[in-house]
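S.K.: Given the structure of chain A, go ahead and fit chains B, C and D onto it with the hints provided.
Protein chains: 4
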Amino acid sequence: MNYTAILQEIYQQISRLPVTGTVAATIPELAKVDPGKFGIHLTTIDGEDYGIGDSEEKFSIQSVSKALTVAMAFASLGERMWERVGVEPSGNPFNSLVQLEYEKGIPRNPFINAGAIVIADMLVSQLKNPKQDFLEFVRTISGSPNINYNSKVAESEKQTGFRNAALANFIKSFGNIENDVEEVLDFYFFQCAIEMTCKELAHSFFFFANEGMTRSGRQILTQSQVKRLNALMQMCGFYDESGEFTYKVGLPGKSGIGGGIAALYPKNFTVTTWSPGLNEKGNSELGMNALELLTTKTGMSIF
Amino acid sequence: MNYTAILQEIYQQISRLPVTGTVAATIPELAKVDPGKFGIHLTTIDGEDYGIGDSEEKFSIQSVSKALTVAMAFASLGERMWERVGVEPSGNPFNSLVQLEYEKGIPRNPFINAGAIVIADMLVSQLKNPKQDFLEFVRTISGSPNINYNSKVAESEKQTGFRNAALANFIKSFGNIENDVEEVLDFYFFQCAIEMTCKELAHSFFFFANEGMTRSGRQILTQSQVKRLNALMQMCGFYDESGEFTYKVGLPGKSGIGGGIAALYPKNFTVTTWSPGLNEKGNSELGMNALELLTTKTGMSIF
Amino acid sequence: MNYTAILQEIYQQISRLPVTGTVAATIPELAKVDPGKFGIHLTTIDGEDYGIGDSEEKFSIQSVSKALTVAMAFASLGERMWERVGVEPSGNPFNSLVQLEYEKGIPRNPFINAGAIVIADMLVSQLKNPKQDFLEFVRTISGSPNINYNSKVAESEKQTGFRNAALANFIKSFGNIENDVEEVLDFYFFQCAIEMTCKELAHSFFFFANEGMTRSGRQILTQSQVKRLNALMQMCGFYDESGEFTYKVGLPGKSGIGGGIAALYPKNFTVTTWSPGLNEKGNSELGMNALELLTTKTGMSIF
Amino acid sequence: MNYTAILQEIYQQISRLPVTGTVAATIPELAKVDPGKFGIHLTTIDGEDYGIGDSEEKFSIQSVSKALTVAMAFASLGERMWERVGVEPSGNPFNSLVQLEYEKGIPRNPFINAGAIVIADMLVSQLKNPKQDFLEFVRTISGSPNINYNSKVAESEKQTGFRNAALANFIKSFGNIENDVEEVLDFYFFQCAIEMTCKELAHSFFFFANEGMTRSGRQILTQSQVKRLNALMQMCGFYDESGEFTYKVGLPGKSGIGGGIAALYPKNFTVTTWSPGLNEKGNSELGMNALELLTTKTGMSIF
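So the sequence lines, in the order shown, correspond to chains A, B, C and D. For the first sequence, the numbering used here assigns the number 313 to the last residue and increments by one with no breaks. For the second sequence, the numbering used here assigns the number 313 to the last residue and increments by one with no breaks. For the third sequence, the numbering used here assigns the number 313 to the last residue and increments by one with no breaks. For the fourth sequence, the numbering used here assigns the number 313 to the last residue and increments by one with no breaks.
All the pointers check out, no bait thrown in.
The list cannot tell twin chains apart, which means a pair is met if one copy fits it or any two copies do.
Straight-line distance between alpha carbons at most 25 Å, and here's what the computed SDA-like set of lysine to any residue pairs gives:
| hint | residue 1 | residue 2 |
| --- | --- | --- |
| 1 | K258 | L87 |
| 2 | K307 | G88 |
| 3 | K47 | D59 |
| 4 | K277 | R225 |
| 5 | K168 | V108 |
Derived by calculation from the structure, the hints in this document are not laboratory data.
Only chain A is shown next, with the shape it has when bound in the complex (with noise of 0.2 Å):
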């Protein structure tokens, strides 16, 4: 497959689209971001990687990283972990509490702000260090070691993110926090707040395409937990817009409001997307319509 080739397809034509997505408004930090930024990487499985446009400019990976802090979990607490957060999408945005409140506290998955924020709360009990050690388990898996955290953006959300204040303490009204609300929703403010180019975000999700085993040839997760990883990524990784995203797309995802994307072919390739510009339902406009090139172009989609 030409993967350069089809890059500077996609490229183009999403050069030629007009940008009507709108930045993040609701984390100021971000707010700032310029609109028109575009990026695109692919890491096939034999390690080759081909980049466009943007694709090695730093950004907020936000949600994304909700991906990375659930295989972090699922390394140390196994299928145990589910008891606590459910495997179901949700069919409702990011951050409801409706759900929430019929079902107890448990929620519905890992990839909405209320199933993340209790994986937070995961890390917290089972870390010495939560937040410098996420950051290293970054550093290694994506081979980087100068990534970092964002804290003006952390801190940024920690001022405005009255939801995701609202969203812990109602589970732990429901017992499901162990941890100080503070402590967990400080974690979690950071975990978003970490920043990656789009090379960096191939590099990171590379094992869960290539069997649970890192480029540098670490085995974080076994290839049947990444198998099941995978599968929650094409259940829930876009909010209630998954099933729009695995109709048209056909591929595991996750997208974060910072607008990256990270998405792979299990066995052949991991690629990410960056473009701010958010749609209605909170993912990038045009990370998805170039996944979506890029699967219509290539054929190659999981189904």
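M.R.: Okay, now just chains B, C and D, sitting in the frame of chain A:
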């Protein structure tokens, strides 16, 4: 009407009933109360007092205080208060977040927790020393200068009030709380932690029955305003059991999870009960029974 | 009280208001009604009649009929009626199916469509000739033997009443309808298609204000039963605007999408209005205004 | 892959499990089925057949038929089909009305009952003789001319299908059903009452695994279209247990309350199971177990 005889009859009938309700368990400090307590007090529009049982023992008025904060806010803000909180029954439990999500942070009415927190926010904005000023207001309308907060109860609630913290943060995320969440909750928990006897509570509610004027002749609200708050209590005073209370008792009133109820027959009397055992809707079981007996025996209901 | 003068004042004030509501569009036959019609009629407990405007013109009473079927069912079934329908406000639109699903086919109250259909089912089980018997009942309580169904309206509703057919089938699926769905709906559509003048409607509701006794001295319900139905109308008579009506008007009442409202002040009067323009909640806009003027001018509300 | 040995292993493991699920009770005719039945059939892309147990016994395919009606509608209507039905998982039980109300009569996806009824309506509009034409379609894709409806089952469902009648009327009230409700339901009940063996069902689903082409070489859908329907099955094929099935099995599939499941591994095989005992979500308990064993033993899942 021979109220002495009627109250005695009620007292005897209630005494024969088994104590089936459960004392509020969500607030540790309240869980210690003796479930066998029962008091009832009636104050006529002419100022006569009739009490029986534990009617002169202090208890935590909890949500009964919501009627008093609403009155205080209404007196200073008038009708524009309703831009931030509705006047419709919620049809949901007292601490539900579901409706709040669908209705964008505007609570259905001021008697569910969400609404009372918005009212608390209004008072925090309006008053110089919110906690002290509200206490003075309560002392004035009741004529009892020794009424006070139980700060142990307030602190106990603060430690465990995750659901209320969730509500406050959630409302703040919609922009319907002006002040700092902590400050609003601090006021709210103190307001709920006021302690009164049945007698003091009946005196406090006197102005609702007396066209807006307290026992000492102070006009708190206009006649029209008091009618409106009475209407609101009728519709929403007992959470999602308001219909049941209206159906069986037929008087406006407000309950609290401390086991207290204050009700009134406009231009006739106020009546209060205290029995800590709550039914599954969070209302005092024997208190509701006692008031049903009262309107059945006297035929005095507003319908 | 000089009701003649008061009604005239109201009539003039209402006449100056723009006709902003919209005539019910869901039932084709009703959509033809002149939106400019307005009538008001008040009958005192002493039997005096005061009417103005189009108060002696027939209109389709629609959901106002629900108060009459409930009374008829209550008279024969008593309290066990409430095993199949609740007494709580719904907090939802009149034709919502949501609550019905969560609450397993037990409608919240008899004044939303779901509840009225269950009441219709009870009457179909109880009565020999349901449509004829109910018509006789209405003629008796109103004292107007010429009251009748408009079968064109009933048929029109049958052709387009998919939402009601959905409700009836849904309730049947929970086992809370005994008879054939078609038969129950046929009765329900006819009950709604009764036509009356404001005057006839005020006379029909007389027994609600008169401790259960009609103008001709017939005891329909006990005093206690009538109090309970009045309480229920107060809580639930205006769908999810019941709180607003109670807050502003302070009288028990029932509205219909034909633009009619019947309300009452126990032991004092019944009052009816007709104006076909509905607000977005499905209640007559000018009718509600007129009744608010009435209680403001007279100070006569139950609170 | 030695499928003979694998199916035998699975068969033995499943045979040792207790029969805990319950046979569908909502349709009287189905309730008579022997709960001890169990069959499994696998057809490879090369056309090899592997079956074991009761795999050649007829059963009622029920909702498995929804995948076939969707394919037929998609073939003739293409993407504009999605104006009337969505592609998102519902997060709710198969026969829920709640979402339909919030989303104005547009069902979330074509695999919940509401969505399948809309698809049935499309086919009733498109086909000359809907029931006969659909039967011909099924006979063609399966290559089994003796496949037929069980009209006793269809009639049984018609007598008791109040929930489906509620759904259809509800959707009609939003204008999203074009034909007569009775006619649409008649087609829907017949579509569900088709009977097949596991083998016939595996053959019918062959084109989903084979890029749109049936075993006899007929192109039903394009490769891209088939990918999209497979994606949809993955997201929504098991009601509110779709996440669980995807997590554990990792193949697109569709279940029915007759106890059947059809699943497929694109470009590899189709596999069907039949075991009438359903779990509380309405999916075949042992069927799901068997398929989990299959992907665990073979490592053949799409993730």
